[in-house]
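A.B. asks: Residues per chain, in single letters:
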Amino acid sequence: MRRCLLLVAALALAPTLGAQVGSPLPPVQLEGLSQTPAKSFDDYMGRLVLIEFFAYW
Amino acid sequence: MPHLNELNDKFSEAGLSIIGVTGESPSKTDPWVKAKGAKYAYGYDKGRKLSRALGVSGIPHAFLVDPGGTIVWHGHPGNLTPDIIAKHLDGALKKPVWEWPDSTKKLRAALKKGAFGKALSEADALSQSDDELLQKIASVVGDMVRGKVTALKSLKEDGDYLAVVTRGAALAKALKGYPEGEEAAAILAEVKKDPMAKKVIRAQKALGKIEAGMPKLRSAKKLEAAIHKVKKLTAKLSETHAARQGQALVAKLEKKMKALQRR
Numbered sequence: 001m002r003r004c005l006l007l008v009a010a011l012a013l014a015p016t017l018g019a020q021v022g023s024p025l026p027p028v029q030l031e032g033l034s035q036t037p038a039k040s041f042d043d044y045m046g047r048l049v050l051i052e053f054f055a056y057w
Numbered sequence: 058m059p060h061l062n063e064l065n066d067k068f069s070e071a072g073l074s075i076i077g078v079t080g081e082s083p084s085k086t087d088p089w090v091k092a093k094g095a096k097y098a099y100g101y102d103k104g105r106k107l108s109r110a111l112g113v114s115g116i117p118h119a120f121l122v123d124p125g126g127t128i129v130w131h132g133h134p135g136n137l138t139p140d141i142i143a144k145h146l147d148g149a150l151k152k153p154v155w156e157w158p159d160s161t162k163k164l165r166a167a168l169k170k171g172a173f174g175k176a177l178s179e180a181d182a183l184s185q186s187d188d189e190l191l192q193k194i195a196s197v198v199g200d201m202v203r204g205k206v207t208a209l210k211s212l213k214e215d216g217d218y219l220a221v222v223t224r225g226a227a228l229a230k231a232l233k234g235y236p237e238g239e240e241a242a243a244i245l246a247e248v249k250k251d252p253m254a255k256k257v258i259r260a261q262k263a264l265g266k267i268e269a270g271m272p273k274l275r276s277a278k279k280l281e282a283a284i285h286k287v288k289k290l291t292a293k294l295s296e297t298h299a300a301r302q303g304q305a306l307v308a309k310l311e312k313k314m315k316a317l318q319r320r
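Residue numbers (our numbering), protein chains in the order written: chain A, 1 to 57; chain B, 58 to 320.
Honestly, the hints are just simulated from the structure, not real lab data.
Quick caveat: nothing in here was measured; it's all calculated off a predicted structure.
Backbone N, C-alpha and C define an ideal beta-carbon position, used for all residues, glycine too.
Treat the hints with care, since some could be wrong.
With a Cα cut of at most 27 angstroms, we get these calculated DSS-like pairs of lysine-lysine [claimed, not checked]: (1) Lys-273(B) with Lys-103(B); (2) Lys-67(B) with Lys-170(B); (3) Lys-279(B) with Lys-250(B); (4) Lys-233(B) with Lys-266(B); (5) Lys-39(A) with Lys-315(B); (6) Lys-39(A) with Lys-163(B); (7) Lys-39(A) with Lys-85(B); (8) Lys-273(B) with Lys-39(A); (9) Lys-106(B) with Lys-39(A); (10) Lys-163(B) with Lys-103(B); (11) Lys-279(B) with Lys-39(A); (12) Lys-93(B) with Lys-39(A); (13) Lys-255(B) with Lys-39(A); (14) Lys-273(B) with Lys-286(B); (15) Lys-144(B) with Lys-162(B); (16) Lys-39(A) with Lys-313(B).
Computed footprint of chain A on chain B; a stretch qualifies when at least three of its residues, placed anywhere within it, have a C-beta under 8 angstroms from a C-beta of chain A [said to hold, decoys possible]: (17) 71 to 85; (18) 101 to 108; (19) 129 to 138; (20) 143 to 152; (21) 192 to 204; (22) 248 to 260.
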């Protein structure tokens with residue numbers, strides 16, 4: 001969704017401790033997963049997963 | 058979006074799944090995604106919990122997570138080349154969980170319930186099969202479960218004792234009777250008996266409360282008081298995870314203070 005996001009907008013989030021390469025994906029779940037039969041990140045077990053943070057604006 | 062659609066077309070059958078994540082509202086996002094023709098999954102990060110946990114400070118930002126659940130790359134998605142993806146596809150399952158064969162039903166049920174010990178037993182049984190897919194699924198499940206214990210160990214090494222006690226108890230219980238469960242229980246016990254870890258956990262809990270209450274801090278006076286409290290909480294805990302957590306929180310509070318002063 002990158003191409004449609006012309007602004008690299010700073011979210012109202014300062015960097016916290018943050019995850020680094022080599023860290024496990026934090027155990028946080030998403031709501032309203034769409035366009036997939038998956039219900040949670042757990043359903044992607046064994047897959048290589050690309051997570052992209054985006055916004056519609 | 059075209060870039061991700063291209064990656065999806067090229068690699069999804071080889072084991073790549075793409076998930077768009079947004080902290081915005083469904084009312085505006087759903088029509089937008091539909092209009093743009095995204096071919097991949099997307100979901101909502103309510104309260105921006107995932108974004109915070111990953112330290113995302115700007116968008117777009119992408120994370121590549123390997124089949125074992127470890128972050129192997131992150132950055133601007135425009136810098137994510139097909140070569141990077143191809144490099145990490147090794148070991149990825151071509152079929153996602155919802156397409157696994159019926160013979161994995163018990164395994165899937167165990168995983169869904171978080172009964173990791175039972176899942177290990179089921180995976181062990183599947184590994185005896187001649188079916189290559191079942192063998193691979195068994196291997197992935199084994200790695201995933203053992204990866205949870207490894208992650209717990211990393212949290213302890215990193216000094217994130219609150220996360221260790223929060224996750225460790227559940228993991229030790231889910232793996233009771235298995236060597237992995239004993240390992241998780243040992244990590245947990247070690248943290249619980251460490252006096253410094255106890256102090257760090259108390260500070261981490263207090264810092265968590267301050268962070269959760271940030272939206273209510275709408276005056277310079279309240280923000281100053283919060284900063285003072287954070288510094289006091291972590292004053293005697295230098296070089297600990299709580300201290301790092303405190304520094305990050307002070308930075309957030311100061312940022313909010315500056316934004317308030319600019320108004």
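A.B. asks: All the hints need checking, so say for each whether the structure fits it.
C.D. replies: Outcome of the hint check:
Restraint check: the Cα-Cα separation between Lys-273(B) and Lys-103(B) comes to about 18 angstroms, which is no more than 27 angstroms; the hinted pair holds. In summary, the hint linking Lys-67(B) to Lys-170(B) is not supported, as the alpha carbons are separated by about 33 angstroms, beyond the 27 angstroms threshold. Proximity of Lys-279(B) to Lys-250(B) is assessed by CA-CA distance (about 36 angstroms); at most 27 angstroms being required, the pair is judged violated. Distance check on the hinted pair: Lys-233(B) and Lys-266(B) sit about 32 angstroms apart at the alpha-carbon level, beyond 27 angstroms; violated.
Taking the CA atoms of Lys-39(A) and Lys-315(B), the gap is near 40 angstroms; set against the 27 angstroms cutoff, the hint is violated. Our distance criterion of 27 angstroms between C-alpha atoms is met by Lys-39(A) and Lys-163(B), whose separation comes to about 18 angstroms. The suggested pairing of Lys-39(A) with Lys-85(B) holds, with an alpha-carbon distance near 22 angstroms, which does not exceed 27 angstroms. Pair hint Lys-273(B) plus Lys-39(A) does not hold up; C-alpha atoms about 33 angstroms apart against a cutoff of 27 angstroms.
At roughly 17 angstroms between alpha-carbon atoms, Lys-106(B) and Lys-39(A) fall within 27 angstroms of each other, so this suggested pair holds. Proposed proximity of Lys-163(B) and Lys-103(B) is contradicted: the alpha carbons are some 32 angstroms apart, above 27 angstroms. With a C-alpha separation of about 40 angstroms, the suggested pairing of Lys-279(B) with Lys-39(A) is violated against the 27 angstroms cut-off. Simply put, Lys-93(B) and Lys-39(A) have alpha-carbon atoms about 23 angstroms apart, close enough for the 27 angstroms limit, and the pair holds.
Taking the CA atoms of Lys-255(B) and Lys-39(A), the gap is about 36 angstroms. The hint is violated against a cut of 27 angstroms. A hinted pair counts as satisfied when its Cα atoms are at most 27 angstroms apart, and Lys-273(B) with Lys-286(B) qualifies at roughly 16 angstroms. In summary, the hint linking Lys-144(B) to Lys-162(B) is not supported, as the alpha carbons are separated by about 31 angstroms, beyond the 27 angstroms threshold. For the hint pairing Lys-39(A) with Lys-313(B), the CA-to-CA distance comes to about 35 angstroms; that exceeds 27 angstroms, so the pair is violated.
Counting residues of the stretch 71 to 85 of chain B whose C-beta lies closer than 8 angstroms to any C-beta of chain A gives 12; at least three are required, and the coverage claim holds. Taking a C-beta to C-beta cut-off of 8 angstroms, the stretch 101 to 108 of chain B contributes 7 residues in contact with chain A, enough for the three needed, and the coverage statement holds. Under the rule that three or more residues need a Cβ within less than 8 angstroms of chain A, the assignment of the stretch 129 to 138 of chain B holds, with 7 such residues. For a cut-off of 8 angstroms, the count of residues in the stretch 143 to 152 of chain B with a CB near a CB of chain A stands at 4, and the three-residue condition holds.
Chain A is given as covering the stretch 192 to 204 of chain B, and this holds because 6 residues of the stretch bring a CB closer than 8 angstroms to a CB of that chain, at least three being needed. Restraint check on the stretch 248 to 260 of chain B versus chain A: 0 residues with Cβ-Cβ distances below 8 angstroms, three needed, restraint violated.
Hints 2, 3, 4, 5, 8, 10, 11, 13, 15, 16, 22, counting from the list given before, are not met by this structure.
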